[in-house]
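Turn these sequences into a full structure, and let the hints guide you.
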Amino acid sequence: MSQWLAEIFEKQSSSATTDAALRENTVPALAIEYHDRRFVCDFEYLSEVIETDVIIPYPENRGAHVGIINMRGEVVPVYCLHCLLSGEVPPTGKPIHSERMIVFRVPDGAFAICADKVQKRLISPEAFGQSSEIEIEGKIHKILSHEFFSNIREMIA
Amino acid sequence: MDDLFLEFLLEAEENLQAIQGALDVLVMQPDDEESFKRLLRALHTLKGGFGVFEMKSAQDACHQLENLCGQDGSRHGKEFYLWLQEATQGFEGLIQQAREAKTPSDIPITIPPQPTAGETSPSLEDEFAIAELTVEQFFGEEKKPEKEEVKVEAKEEIKEQPKPAPVPEPQPASATVRVPLAKVDTVLAGIWEAFMARNRMSYLIEQSRPHLQEAPALLRTWESLDSSLRRLIGDLESQVMDLRMVTLSGVFQRMSRVVQQFVHSHGKSIEFESRGENIELDKRIVDSLADPLIHLIRNAMDHGIEPPDVRKAKGKDPTGKIQLTAEISGAEVVISVIDDGKGLDPEVLRQTAIKRGLSHAAQVSDEQAINLIFESGFSTAESVSEISGRGVGMDAVKTQIEALSGRIEVKSSVDVGSTFLIRIPLSVSVLNSLICTINGMEYAIPHTDIIEAHTLDQSELKPNGPERFYNFRGEPIPVFDMTKLFPRTEREELSIIERKVSLLVVRTGEDGSACKYSGLVVSGISHNQEVVIKPIPPLALSLPYVSGVSILADGRPIFLLSPNKLIQQRCTHVAMAS
Numbered sequence: 001m002s003q004w005l006a007e008i009f010e011k012q013s014s015s016a017t018t019d020a021a022l023r024e025n026t027v028p029a030l031a032i033e034y035h036d037r038r039f040v041c042d043f044e045y046l047s048e049v050i051e052t053d054v055i056i057p058y059p060e061n062r063g064a065h066v067g068i069i070n071m072r073g074e075v076v077p078v079y080c081l082h083c084l085l086s087g088e089v090p091p092t093g094k095p096i097h098s099e100r101m102i103v104f105r106v107p108d109g110a111f112a113i114c115a116d117k118v119q120k121r122l123i124s125p126e127a128f129g130q131s132s133e134i135e136i137e138g139k140i141h142k143i144l145s146h147e148f149f150s151n152i153r154e155m156i157a
Numbered sequence: 001m002d003d004l005f006l007e008f009l010l011e012a013e014e015n016l017q018a019i020q021g022a023l024d025v026l027v028m029q030p031d032d033e034e035s036f037k038r039l040l041r042a043l044h045t046l047k048g049g050f051g052v053f054e055m056k057s058a059q060d061a062c063h064q065l066e067n068l069c070g071q072d073g074s075r076h077g078k079e080f081y082l083w084l085q086e087a088t089q090g091f092e093g094l095i096q097q098a099r100e101a102k103t104p105s106d107i108p109i110t111i112p113p114q115p116t117a118g119e120t121s122p123s124l125e126d127e128f129a130i131a132e133l134t135v136e137q138f139f140g141e142e143k144k145p146e147k148e149e150v151k152v153e154a155k156e157e158i159k160e161q162p163k164p165a166p167v168p169e170p171q172p173a174s175a176t177v178r179v180p181l182a183k184v185d186t187v188l189a190g191i192w193e194a195f196m197a198r199n200r201m202s203y204l205i206e207q208s209r210p211h212l213q214e215a216p217a218l219l220r221t222w223e224s225l226d227s228s229l230r231r232l233i234g235d236l237e238s239q240v241m242d243l244r245m246v247t248l249s250g251v252f253q254r255m256s257r258v259v260q261q262f263v264h265s266h267g268k269s270i271e272f273e274s275r276g277e278n279i280e281l282d283k284r285i286v287d288s289l290a291d292p293l294i295h296l297i298r299n300a301m302d303h304g305i306e307p308p309d310v311r312k313a314k315g316k317d318p319t320g321k322i323q324l325t326a327e328i329s330g331a332e333v334v335i336s337v338i339d340d341g342k343g344l345d346p347e348v349l350r351q352t353a354i355k356r357g358l359s360h361a362a363q364v365s366d367e368q369a370i371n372l373i374f375e376s377g378f379s380t381a382e383s384v385s386e387i388s389g390r391g392v393g394m395d396a397v398k399t400q401i402e403a404l405s406g407r408i409e410v411k412s413s414v415d416v417g418s419t420f421l422i423r424i425p426l427s428v429s430v431l432n433s434l435i436c437t438i439n440g441m442e443y444a445i446p447h448t449d450i451i452e453a454h455t456l457d458q459s460e461l462k463p464n465g466p467e468r469f470y471n472f473r474g475e476p477i478p479v480f481d482m483t484k485l486f487p488r489t490e491r492e493e494l495s496i497i498e499r500k501v502s503l504l505v506v507r508t509g510e511d512g513s514a515c516k517y518s519g520l521v522v523s524g525i526s527h528n529q530e531v532v533i534k535p536i537p538p539l540a541l542s543l544p545y546v547s548g549v550s551i552l553a554d555g556r557p558i559f560l561l562s563p564n565k566l567i568q569q570r571c572t573h574v575a576m577a578s
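Chain order of the listed sequences is X and Y. Its first residue numbered 1, the first sequence is counted upward by one per residue in the numbering used here. Its first residue numbered 1, the second sequence is counted upward by one per residue in the numbering used here.
By construction, these hints were calculated from the structure, which means they are not laboratory data. Warning: the hint list may mix true and false statements.
Computed, partial: chain Y to chain X, Cβ under 10 Å [said to hold, decoys possible]: (1) Ile438; (2) Tyr443; (3) Met482; (4) Leu485; (5) Phe486; (6) Pro538; (7) Ala540; (8) Val549; (9) Leu552; (10) Phe559; (11) Leu566.
Glycine included, each C-beta is placed from N, C-alpha and C at the ideal position.
Encoded structure:
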């Protein structure tokens, strides 16, 4: 885990929302913010969070595919999470801006998604199995379920 | 997987190869004693291995075959060895299953019934007598049994065929070390990482060169070390790549067996010739070639070569010919499958394509019509046979060849025959590439695909309707503007008003084809660089004209383009649009 993410977690743990009583009935989750859209997912598939590297776009745009990055010698594909879930296509030929890149690793391989903000949040463990959205600190977050990660190959096809 | 079991599987595969190699010879020369002994030795070792891992059914099957072979090979005829080829094929599947299961299991194995006509196997008494012999007695040279005079005449009209190359005997254990291919790959990946690190280091030094001018001695030392490092990495890569090289002989011998078995069961008369089996290629390429070659050869036998009476009526030799050849041409290996059968009729293919909804097929040339057989679901076979004609084959063959960064094409003349040409790069690891820019983004194109690169005036591209042509060596060649195909950035809009264009002349067809060369307009030509080719990541977007990815010296990833496929896609889009 990066130094940067560790610092964020440190700050989180001292905030009012993560007191000991709450911690007993909750599990940590990763809250992602990108272009005013919010998502939350389990830590299970998280590989690392990196500062945005140069994203090389594909010669043509298809679905949620944004481009590729070099992560210490490993070429990793990058997706636009919002496009992946909404079916919209990222704009052609425009540079991609994002502050962070979250790299996930699933059995089929690694992939990255763009993010402006990444934070640790504590949520009810049932949330992942019960609904597609959850309210955290007054803001609606879309839940990235285990099915999302296990079916990623089908979703990007 | 248990190391001992892995060792057994490798040995079993070697023994099966030895069995098949010996049988190839024995089918042609049933009284070849050396091959018969080699067959028995391999069969016996295989049986022992199955016994160690308690694969009882396979062990019993080996034992049964050993008994049927008997001690004296000369008593058997061609029919027996052809049957034995079929009988031992079950072991291949068995070993494959055991490899997948990663554990020994007693998988039942069925031996097909022996042919009754021309019975040449030993009598029960002989078998009993053989079973009594010890292994030492059996392999002993001192007592040579008498030969029986019974021989079976070959039923098919096969001309005398060249003796297949003998399968080399395994080296003594002390001279070789078995290493799983995955370990060799790991070493190779490490070398490529070192290669990229050296590239990156070189880039950083170049960037810092102005500051290093004050220390010329340091710069000279660094240049000398860099040169040594580059050579050492190159040598290491070449040596490790050599470890992965195997000859084509195994695959070619397998094709020979496919033909023999077809001839045996279908009553056609076919002569099979092969050339170039000693050419060495990467093991992965050789392994991946078997399926497409089997498909092409089965197609040639089933649909290409006519029955003997039809051939006679056409004034042809009643015996059809299939040639399988391999040769090195530049940085590629060229594998040809040639038959002298009825050939492909472009008009029939055109009509079939139109029926399948490919409306543009009416306008295509004869050469293009013949290549329609590689379209998905395209088959002109009137009936589906167990051998071929299911209509899912040729596009799969093409896909398999393209997965090896290769290409396939067909040339054919009615009643003369067909030639399938497969071209595969010899090395797909490090490629000399031209880095060019298209609409502000850099792409790598292998040198092997580029004939010339020019910066020329727009006026040198001659328009003809919506298309443009460039006069290349006295011939007009079509020009495809990549800057219009790829996404355009704002910065790039400014550069296209310039009068100069960068043109790459690339090879897009074979000698004699209508479209041998094409021009590609790119935004700029940057520099040459050796790049390590990595496969497209499994979860990345797969585009047909992107053949791999690499990482440049400055750390940026880059796509490797295949101009041939790029133009194919462009032509398909144009055809569909019109």
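For each hint, the structure was consulted:
no.: 1; hint: Ile438; verdict: holds (7 Å)
no.: 2; hint: Tyr443; verdict: holds (7 Å)
no.: 3; hint: Met482; verdict: holds (9 Å)
no.: 4; hint: Leu485; verdict: holds (8 Å)
no.: 5; hint: Phe486; verdict: holds (5 Å)
no.: 6; hint: Pro538; verdict: holds (4 Å)
no.: 7; hint: Ala540; verdict: holds (4 Å)
no.: 8; hint: Val549; verdict: holds (5 Å)
no.: 9; hint: Leu552; verdict: holds (9 Å)
no.: 10; hint: Phe559; verdict: holds (7 Å)
no.: 11; hint: Leu566; verdict: holds (9 Å)
Checked against the numbered hints above, the structure violates none of them.
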